[in-house]
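Peer 1: Line order of the protein sequences matches chains A and B. Residue 196, in numbering that gives the first Met the number 0, is where the first sequence stops; the numbers in between run on with no holes. Residue 574, in numbering that gives the first Met the number 0, is where the second sequence stops; the numbers in between run on with no holes.
Worth flagging that the hints you see were computed from the coordinates, not collected in a lab. Be a bit skeptical, because a hint or two may be false.
Unchecked claim - In silico DSS-like cross-links for lysine-lysine, where the CA-CA straight-line distance does not exceed 30 Å:
| id | chain 1 | residue 1 | chain 2 | residue 2 |
| --- | --- | --- | --- | --- |
| 1 | B | K137 | A | K68 |
| 2 | A | K178 | B | K31 |
| 3 | B | K448 | A | K71 |
| 4 | B | K257 | A | K178 |
| 5 | A | K121 | B | K468 |
| 6 | A | K33 | B | K137 |
| 7 | B | K468 | A | K29 |
| 8 | B | K257 | A | K29 |
| 9 | A | K165 | B | K137 |
| 10 | B | K31 | A | K29 |
| 11 | B | K137 | A | K103 |
| 12 | A | K122 | B | K468 |
| 13 | B | K264 | A | K33 |
| 14 | B | K190 | A | K68 |
| 15 | B | K31 | A | K32 |
| 16 | A | K116 | B | K468 |
| 17 | B | K137 | A | K162 |
| 18 | A | K33 | B | K190 |
| 19 | A | K165 | B | K31 |
| 20 | B | K448 | A | K68 |
| 21 | A | K103 | B | K31 |
| 22 | A | K162 | B | K486 |
| 23 | B | K257 | A | K85 |
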Amino acid sequence: MEKLRAAIIAATALVVMAAAVAAHAQDVEKGRKKAEACIACHGPNGNSTQPQFPILAGQTARYLYLQLKDFKEGCRAEPQMDPFLKDLSRDDMFDLSAFFAAQKLRTAANFKPDPVKVERGKKKADEVLCTMCHLGGFMGQNEIPRVAGQHYAYVVKQLKDFKTAKRTNDAGNMASVSKTLSDQDIDDLANFLAGLY
Amino acid sequence: MQNNTFAFVRGTVLTAGIAFALGAGAQEVQQKPATSGGGVPKNVNVSQEALTKAGGQGVNWLHTNGSYDQQRFYPGTQISNQNVKNLRVAYVFQTEVVESMETAPIVIDGVMFLTTSYNHVYAVDAATGKEFWHYKHKMGPVTTFCCGPNNRGVAISGGKVFMGTLDAKLVALDAKTGKLLWETQIADPEKGYSETMSPTVIDNKVLIGTNGGEYGVRGFVKAFNADDGKLAWTFYTIPEKGHEGKWDPKDATGRDMKRDIAAEKAAFAKDGSFYQTLGGGVWMNPSVDLKSRTVWFVVGNPSPDLYGAERPGDNLYTNSIVAIDLDKGTYKCHFQYIAHDVWDLDAVSPPILVDVKDKAGKMIPGVIHGGKTGHVYVHDRKDCSLIRFSEAMVPQENMWVLPTTEGARMLPGANGGVEWSPMAVNSKLRLAYALNLHQPMTYHVEPAKYPGGSKLWLGGAFKAIPSEKQWGRVAAVNIDTGKMAWKYDTEQPLIGGGLATAGGLFFFGEGNGLFKALDAASGKLLWSFQCGAGANAMPVSYMVGKKQYVAMGCGGNTQLDFKRGNSVFVFALPD
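Required output: the full structure, derived from the provided sequences and hints.
Peer 2: What follows is the structure, encoded as structure tokens:
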């Protein structure tokens, strides 16, 4: 666990740097204003309290931008997002991404990970080599999302959507990864990831 | 303000929030790259003659891999197999970036230049660790890289140091002050290009390859003018025409690769126009043969890594050793190890120039490469042809089973064999030292169209097998026979560089933090030191005054998730 904790601390530090780096090209303050429409679902500063809506706070800016772009271009389908996308410009998407990336994740306190599942989830994550892309501590990098501290329900839904090809904007990587995951594996992984913050 | 913000890089979860708050306020000052420190208190100047003769002297360490031959052989003997047991820490230099460290420090006249993840550069006193200057690259808004925010060091020439950056730029700094002199965009980071390798400077040209084989780039080696960063020439590792090759059904060792050549030919006839997205990164420094004015490098995997149906043909010059003309950047010869690779067992470890015995037993100029397949390949420098390949350094099983949706087990795993880790050579002992991984994996394929350059494009996945133990191995391979003279096994897979010395030693590090010296002839463990974080950078040796030093970066590794740190450890014998 010590190793894991050290990795999380190091990775958190990286996000700090990534956020600082991203900030200079995209406008966090403009993003803050534009994000007012997002709060109803994604929560204040992107800290969603409704587990079906992902936490955006502390997410990598590059991932957020590419997801918005994919929603807008129809590469990722989510009917609830549609009304918010049609008027978004490229700059809007950059600003929104910069804003949410610069916020601190405050994970939902109402989810208590099951320690047995966390242990199994950690082992499964090691086997699947998640951190080769998601980095140590699952803090993400560039277009690879941070999944540490994400809602259990959201993680479960995404892994199942990748597995069943309901979500296909991953260039095949997560489709391949999730093909060999059982329902229990997904439950375990989501418990493990939700507890990382 | 900027200094304050970056000071939090080494902070904790608790301080992270404060740094976020500072992030917005720091915008303005971060528009510029930043250099701090008073500078080097003397002139720094490295002549071409010094760079050319670097391999024959023991004072400076002037190239990432020691010389243009890249033998990573240090000719000094002060630290030897007789006294290495007394080796102890001279100083520890701590950087402010706690992340994967792969740098090979460059040392000239007692001044050391080293880099960290996220493109920081430090100049320090090589005998004491006193910091002279610290440069932080201003990163662009878009970066795209697969395997961690690494950097493997600077190159030096004249009074400048050169570094490739994660946002695919080449920067030139004043070696004395650390000030930015010029920067040039090498390629577009939105299309998946990034830089982690150190450049190589020769005759006032800065040579550099590119990452991006996981994103569908078109790989290259480019040469830039050292004075102003203007492009001199480009050699694309993927030719516009002819990349289908000769439809080779077998690998370099003669094993069948189970290709469906007829299906590939049919697909190619329908669409053979994918050269712009075929991959072929060049991850590590080229070697330079000054006599024949030839540049040697190896080319990485095709894109996508595991899904071959998108790219019928041999995918030249992926997974190959390639020779080009130093002055014009034009093709001379190549040899492909794996045509139409669908396992990511590509060519990464930098090629080494060394005389070898040919098949008739005559000594000839050779070039060798340590493969992810677990073989050391020995070539004739005259025409790239393969003279021999070594016995397998790590277990090979089930080669070449094709990847499946559910996963097919094959050894070695996708990291190798020998990853980017540069080998070292002791030509007197006739040995090449290779750092190997043993990571049993299953290979999974998933059809995937080119996603536009901004997303990882593997066409599948690799997964470890939890019931099978992973380990590492130093293999000492006789380059004239291909036989292993000895092997030294480690508890974790090995990644990082090796260093051979005339003192009869071989230095290397492990992910558990141990930095070790083995007897070069027998492989016997003579000394080790616990660095406290993964010893996964590239060790170097040099002298200041009358003292020999050995330096090793210990910052862990992203790819294998070895414990991160931020320090370069420097060792010497007691007075």
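Peer 1: Decide, hint by hint, whether the structure agrees.
Peer 2: Results for each hint:
no.	hint	result
1	K137/B <-> K68/A	holds, 26 Å
2	K178/A <-> K31/B	violated, 46 Å
3	K448/B <-> K71/A	holds, 19 Å
4	K257/B <-> K178/A	holds, 24 Å
5	K121/A <-> K468/B	holds, 17 Å
6	K33/A <-> K137/B	holds, 27 Å
7	K468/B <-> K29/A	violated, 51 Å
8	K257/B <-> K29/A	violated, 55 Å
9	K165/A <-> K137/B	violated, 39 Å
10	K31/B <-> K29/A	holds, 22 Å
11	K137/B <-> K103/A	holds, 23 Å
12	K122/A <-> K468/B	holds, 14 Å
13	K264/B <-> K33/A	violated, 52 Å
14	K190/B <-> K68/A	holds, 16 Å
15	K31/B <-> K32/A	holds, 27 Å
16	K116/A <-> K468/B	holds, 23 Å
17	K137/B <-> K162/A	violated, 39 Å
18	K33/A <-> K190/B	holds, 28 Å
19	K165/A <-> K31/B	violated, 44 Å
20	K448/B <-> K68/A	holds, 18 Å
21	K103/A <-> K31/B	holds, 26 Å
22	K162/A <-> K486/B	violated, 43 Å
23	K257/B <-> K85/A	violated, 48 Å
Violation of the numbered hints given earlier is confined to hints 2, 7, 8, 9, 13, 17, 19, 22 and 23; the remaining hints are satisfied by the structure.
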